[in-house]
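Engineer: All chains, please: the whole structure from these sequences, using the hints.
So the sequence shown is numbered by our numbering: it starts at 91 and just counts up by one.
It should be emphasised that the hints constitute simulated quantities derived from the structure, not laboratory data.
Here are the simulated lysine-lysine pairs, DSSO-like style, with alpha carbons at most 30 Å apart:
hint: 1; residue 1: 555; residue 2: 1150
hint: 2; residue 1: 558; residue 2: 1156
hint: 3; residue 1: 458; residue 2: 470
hint: 4; residue 1: 493; residue 2: 470
hint: 5; residue 1: 469; residue 2: 311
hint: 6; residue 1: 193; residue 2: 178
hint: 7; residue 1: 1150; residue 2: 975
hint: 8; residue 1: 1156; residue 2: 555
hint: 9; residue 1: 997; residue 2: 1065
hint: 10; residue 1: 555; residue 2: 226
hint: 11; residue 1: 997; residue 2: 1128
hint: 12; residue 1: 1158; residue 2: 493
hint: 13; residue 1: 226; residue 2: 707
hint: 14; residue 1: 226; residue 2: 193
hint: 15; residue 1: 493; residue 2: 1156
hint: 16; residue 1: 558; residue 2: 252
hint: 17; residue 1: 493; residue 2: 458
hint: 18; residue 1: 997; residue 2: 707
hint: 19; residue 1: 1162; residue 2: 558
hint: 20; residue 1: 458; residue 2: 1160
hint: 21; residue 1: 1160; residue 2: 555
hint: 22; residue 1: 1065; residue 2: 1128
hint: 23; residue 1: 1162; residue 2: 555
hint: 24; residue 1: 997; residue 2: 975
hint: 25; residue 1: 555; residue 2: 493
hint: 26; residue 1: 226; residue 2: 558
hint: 27; residue 1: 558; residue 2: 1155
hint: 28; residue 1: 252; residue 2: 226
hint: 29; residue 1: 178; residue 2: 226
hint: 30; residue 1: 1128; residue 2: 978
hint: 31; residue 1: 1065; residue 2: 975
hint: 32; residue 1: 493; residue 2: 1160
hint: 33; residue 1: 558; residue 2: 1150
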Amino acid sequence: MVVASSPGSLKDTMGGVWKKGILQGTLTVPVLVTAVMMMMIGSVTGTSSGETPPWEQYFAQTVPDTSPEEQTQAVEGLLQRLLPQRSKEFSVRVDPALGPEGKDTFTVASPGVNTSVDIAGTSGVAAAWGILHYLKYSCYAHVSWEADQLDLPVTLPHAQFKVTSNDRFRYYQNVCTVSYSMVWWQWQRWQREIDWMALNGINAPLAFTGQEAIWQRLYTKMGLTQAELDEHFVGPAFQAWGRMGNIRGWGGPLSPSWHNQTLTLQHQILARMRQFGMTPVLPAFAGHVPAGLTRLYPEANVTRLEAWGHFTDPYTRTYLLDANDPLFQTIGSTFIQEMISEFGTNHMYNCDTFNEMTPTSSDPEYLKSIGASIYEAMKKVDPDAIWVMQGWLFFNDAAFWHKQQAQALLTSVPIGRMLVLDLASEVEPQYGRLESYFGQPFIFCMLHNYGGVSGLFGNVQVLMKNMKTARQFPNVTLVGTGITPEGINQNYVMYDFMSELAWRTQPVNVSQWAVDYARRRYGSADPRLGHAWQLLMRSVYNCTAVLRYHGKHVVIMRRPRIKPRVFQSVYNAKTKIFNHGQYNVVIRPEIDLKPDEIWYTVADVVRAWDLLVAIAKSEKDENTLDEDMQEGKENIHRPISLTRGINMDPSAPHKQHNMGIESDLMNMAEKVQQSPSRSKASTYSDKSYIRWERQQNSIKRFSHYLTDVVNEKAADRTSPTQKLNIKKLVLWLLGCETSMGRKNNERENETVRNRRYEGVGKFILAESREEARESEETEEHTAEDENKRERQEEIEIKQNSELREDMNESELGTTTRRYNRVDVVAEPLVVNMNENQEEQKTIEWDSIEGNIHVTEQATFHHDLVDVTRQMLQLVGGQMVMTLIKNYKNQVFLALQESHYLLQDLLKDLDLLLGSSPNFLLGLWVDEASTWATDQKERDQYVFNALNQITLWGPTGEIHDYAIKQWAGLIQNYIKPRWELFGQTLLTGLQQGTPFNQSLFHWNLFENVEDPFTKNTNASYPSVPQGDSIEIACHLYEKYRPVFGLRLLQTFQRQYYRTLKRIAMKKNKRKMKNMNKDHKVVP
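Structural biologist: Quick look at the structure:
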């Protein structure tokens, strides 16, 4: 292979080959291909074999010049804040020579006696990283956004290890994070976050605070008036999109006090980051300017961009100064000079000119000149400048950024002078399509969350797969990992997991990792906690589909609407990609809503909920603790994957069980096509009633087919009104999924089926009157007939001892099934048992020390509330679908009942969320208020805070994009929306008038949504109300019976439909992009 010592020499070599071929007439196709390949190799490596990549010398200039002593003091201060009573038991040292240059290394040495734990690192970040590593893996402690678990052993345990990072950088923040999560933070909260960054090894964080103050200073010197600047600057909650040139003026203006406070705060932020040895990334000029600039410079090449996100004038169609205009260099270099004068620099600058905005020309030469001019404005003031660019444009607007256009922009800067953030690498990495960014170094990032929305979600398997693929990519220019969510304070487990990929060199055994994570998070080795997290990690945190916007339809959070309408992407209206995180429960209501997106087996999450509630209850009832613990031990030692299904952890040893993607429970309920020769007696009617005693006998008789044995004592405590639902669930557990036969189906079609509810929230499928009589007749069967049926049941299970599969392996690596008929049969469960199970790595459950009272941990309170919230969210979505169905069927009483039940659920949801400090609207509002110096400012900031999480614009231009499931927001915004919707439907049904969607939306905006955002004097609780454990347990008793056979089947069908739709959509998009990439672009 021929390589060049530098891009320049390679270019000269290729120029000689080209010239010689032209003169001698020997420039054949093979020669041309060879030349192109050499150019590509040179552009990717930029160096000869074995030499250090050129960017390493550039990156070395970005390291802060903070002395090792000062960095050591910073880490010692962190220890005092984190462990005020135990900080003296740690000894910290920073030694840059401890590990290889360009990477961070830490060592931990603890003798396990009453002496200090010695922590050493190549930087302050590395030393802090070592502290958390020791706390996690030696002390089973936990630090997170929600709460900490720091119950350390009396004697700090023995440890001896040395860890080196895989790459140079661990990047943190999306340009939107500062608006969706951090906008109202004062120094106390920022200090906590910077400590968290250091503990997790973050060494390249974004630092955007206070830049508007610099722009105010610069534009004022240029001659712009304050009125022109007020028209330009957006409000605090929307600054991310003002900086990117998406909107202007909305939520503004910015007061002098805001500028002064943010300047002071930025000085504190940067000082602390640099004390730890971090390299903060500062902003640069992207070309977006105030409209008033055209008054001062009428000859300047300023164009107005297209409208963004459904906004209209005067809040959109921002002004972009062409980078090739001489004025661009003047403004860009002056801004960098002002930034350096105010804050100093570490030579890394973020700039996103075309973020969600399409360039005016696709000509590669034009794009190349734009990139060169942007960088020149930085380099003119700072010769060591490195341009940090979010690669979101290549993903979001792939239809424009073909290889030719992307290469033009990326290679407009010398190799190593640009650092690309592959922003959503965990689902759709772009480095492969763009040939490792044509030689520019990049960071593999996990975006994960959009808008800071609520809802359990993760894609741990896809994340691991894509991370492994990136590291094995030929000539890869990967230089780091990054965490880049739009909003934080959600799904912390995914960010904990991602942080570890910065030092792990082998694939993670996720099943064991989940058990260890539970122990760290709660400070207890209770096996039920580990089993619960195994279930969560293989289901809701294991989305194997490329689901860009997870959870679009959380029904009850949705704005009501009569006609179905696909939400267009707020980023690019041309893509028409579904939005994210907007479960039906929290977005504007619609009549023809589609069900919530389901990317997981709901039964696994239900089982995890069962385990968490069982722990909460058992610790209140010590008499049941021992037996519950024993059940948990059995579950945790029993492999939870079947012989079939996709292994989640390919790195697990042969004798160690893996965690399959498919649910144990759903495999037992798998529908298969029934053999034509099988008699009708081999099926069951889900309308027939089987006595509870018979259920218990069946469980005992066939318990060896189950992975999770139903606790008989818990079942005995169940109220009589719940037994019908429990009967269905038990049958489902046995694999005896029940559906009506043809005869019953025909009878069902002849009657109007309604839903009947037993008590508030315990809605079950109701039979028609005729079916109800049939159930009563079934109850009167003699014991002899019943025993006969039991014997027939035994015969069925024996006849179906062989698994019958109807599976397709999709390209997503996910098992899918077809539901061909309503008849089903029982299947035995085949478990992948290990021959030498005692040799497996297991937790020493018998060595649990001291405190096992998990319910005292704030982390457990948070997670129990979060999982219960997820379950109520699912129930609420089904309630909405029922409400709409009853309206369409014109059944007034059923519609009225559905309406009342939905209102009751929303009230319960608000009560639940109000018991946790992490789900309170009041905190968000109070934090906004703290920035105000007078009532006018307070009203503005509170309006910003309320508008961003609801309407997101003057009239709901991007409504519900950043919706949160928070107490106060549910009660005062979400619930009134659904109340108005239900009342409108009831009135229309009574009066015989059709539903007018446009009129309803206007009424909704005028009477609910707009008044909520403008009621800035309303008060919302900012401290938790009530006992979250008691409330969650009460709601569990109320709503758990809902998750019976029929509902779980419904969710599973939605799950398979989601996988199919996403796979088809992915293939279509891939083919479209391939065709365009091969098409010659003029």
